[in-house]
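Here is how the chains run, residue by residue.
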Amino acid sequence: DSGVTQTPKHLITATGQRVTLRCSPRSGDLSVYWYQQSLDQGLQFLIQYYNGEERAKGNILERFSAQQFPDLHSELNLSSLELGDSALYFCASSPSGGVGTGELFFGEGSRLTVL
Amino acid sequence: AQSVAQPEDQVNVAEGNPLTVKCTYSVSGNPYLFWYVQYPNRGLQFLLKYITGDNLVKGSYGFEAEFNKSQTSFHLKKPSALVSDSALYFCAVRQTGFQKLVFGTGTRLLVSP
Numbered sequence: 001d002s003g004v005t006q007t008p009k010h011l012i013t014a015t016g017q018r019v020t021l022r023c024s025p026r027s028g029d030l031s032v033y034w035y036q037q038s039l040d041q042g043l044q045f046l047i048q049y050y051n052g053e054e055r056a057k058g059n060i061l062e063r064f065s066a067q068q069f070p071d072l073h074s075e076l077n078l079s080s081l082e083l084g085d086s087a088l089y090f091c092a093s094s095p096s097g098g099v100g101t102g103e104l105f106f107g108e109g110s111r112l113t114v115l
Numbered sequence: 001a002q003s004v005a006q007p008e009d010q011v012n013v014a015e016g017n018p019l020t021v022k023c024t025y026s027v028s029g030n031p032y033l034f035w036y037v038q039y040p041n042r043g044l045q046f047l048l049k050y051i052t053g054d055n056l057v058k059g060s061y062g063f064e065a066e067f068n069k070s071q072t073s074f075h076l077k078k079p080s081a082l083v084s085d086s087a088l089y090f091c092a093v094r095q096t097g098f099q100k101l102v103f104g105t106g107t108r109l110l111v112s113p
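From first to last, the protein sequence lines stand for chains A and B. Reading the first sequence from the start, the letters are residues 1 to 115 in this note's numbering. Reading the second sequence from the start, the letters are residues 1 to 113 in this note's numbering.
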């Protein structure tokens with residue numbers, strides 16, 4: 001158990017809908033990262049937050065947004081969903097947000113299926 | 001831009017034999033290199049990392065990796081494979097001064113009894 005909690009584990013929805021994925025980082029970790037894992041794209045970095053502020057941005061679509069709250073949990077919002085958004089979405093956390101060398105601790109993911 | 005290549009989609013090895021999963025990287029400056037493992041329906045788990053120092057890094061579950069700067073490689077190795085090692089393995093790199101970890105496409109390791 002990594003200590004990172006993601007909900008929901010599975011989500012099935014229709015095209016055009018909006019969903020919210022939630023992540024609680026390990027106790028004490030200030031950084032949260034979101035990754036998307038799909039069969040054709042592999043593991044893609046979406047966005048990182050550190051102590052409530054956006055720190056780094058990757059291949060995140062404009063239809064997607066994220067935030068980190070004062071209690072350090074994070075939410076990833078996916079809107080106007082398309083079939084191609086079906087994927088496993090991972091949250092990871094780490095203690096640092098700077099140039100630390102530490103590894104990431106991953107949750108078990110939220111599997112999104114768009115029909 | 002930083003990148004990682006895992007040239008093999010799948011590696012097959014018999015239990016008890018040594019295994020190698022290959023990884024090459026491209027970054028500017030000194031790399032931070034990582035190996036993660038993903039079991040079915042689970043998140044990624046950290047195995048080992050190279051930051052600096054000894055080129056041979058030892059990690060969890062008997063795995064080790066060798067950093068080779070001249071060949072820009074960071075191959076994962078284990079002297080004697082177990083059936084339970086069967087999983088998806090990801091190599092990742094973080095460039096000094098950058099936040100994100102860039103992952104390779106993954107290599108599926110299949111260890112047969």
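Note that these hints are calculated values from the structure, not bench results. Accuracy of the hints is not assured; some may be wrong.
As the list claims (entries may be wrong) - The list that follows gives simulated cross-link-like pairs (lysine-lysine, DSSO-like), each with its CA atoms no further than 30 Å apart: (1) B/K49 to B/K22; (2) A/K57 to A/K9; (3) B/K77 to B/K22; (4) B/K69 to B/K22; (5) B/K49 to B/K69; (6) B/K49 to A/K9; (7) B/K58 to B/K69; (8) B/K58 to B/K77; (9) B/K49 to B/K77; (10) B/K49 to A/K57; (11) B/K22 to A/K57; (12) A/K57 to B/K69.
Said to hold, decoys possible - Per the computed footprint, the stretches of chain A lying under chain B, defined by three or more beta-carbons under 8 Å from a beta-carbon of chain B, are: (13) 32-46; (14) 104-113.
Don't be surprised by glycine CBs; every beta carbon is placed ideally from N, CA and C.
So, going through the hints one by one against the coordinates:
1. B/K49 to B/K22: Distance of about 15 Å is within 30 Å: holds.
2. A/K57 to A/K9: Cα-Cα ~24 Å, so holds.
3. B/K77 to B/K22: holds (9 Å)
4. B/K69 to B/K22: Between B/K69 and B/K22 the Cα gap is close to 14 Å, so the pair holds against 30 Å.
5. B/K49 to B/K69: Holds - the C-alpha atoms of B/K69 and B/K49 are around 15 Å apart, at most 30 Å.
6. B/K49 to A/K9: holds (28 Å)
7. B/K58 to B/K69: Given pair B/K58, B/K69 holds - Cα atoms ~17 Å apart, limit 30 Å.
8. B/K58 to B/K77: holds (10 Å)
9. B/K49 to B/K77: Judged against 30 Å, a Cα distance of about 13 Å means the pair holds.
10. B/K49 to A/K57: holds (23 Å)
11. B/K22 to A/K57: At roughly 28 Å apart (the allowed maximum being 30 Å), A/K57 and B/K22 satisfy the hint.
12. A/K57 to B/K69: holds (28 Å)
13. 32-46: holds (count 5)
14. 104-113: holds (count 6)
In this structure, none of the earlier numbered hints is contradicted; all agree with it.
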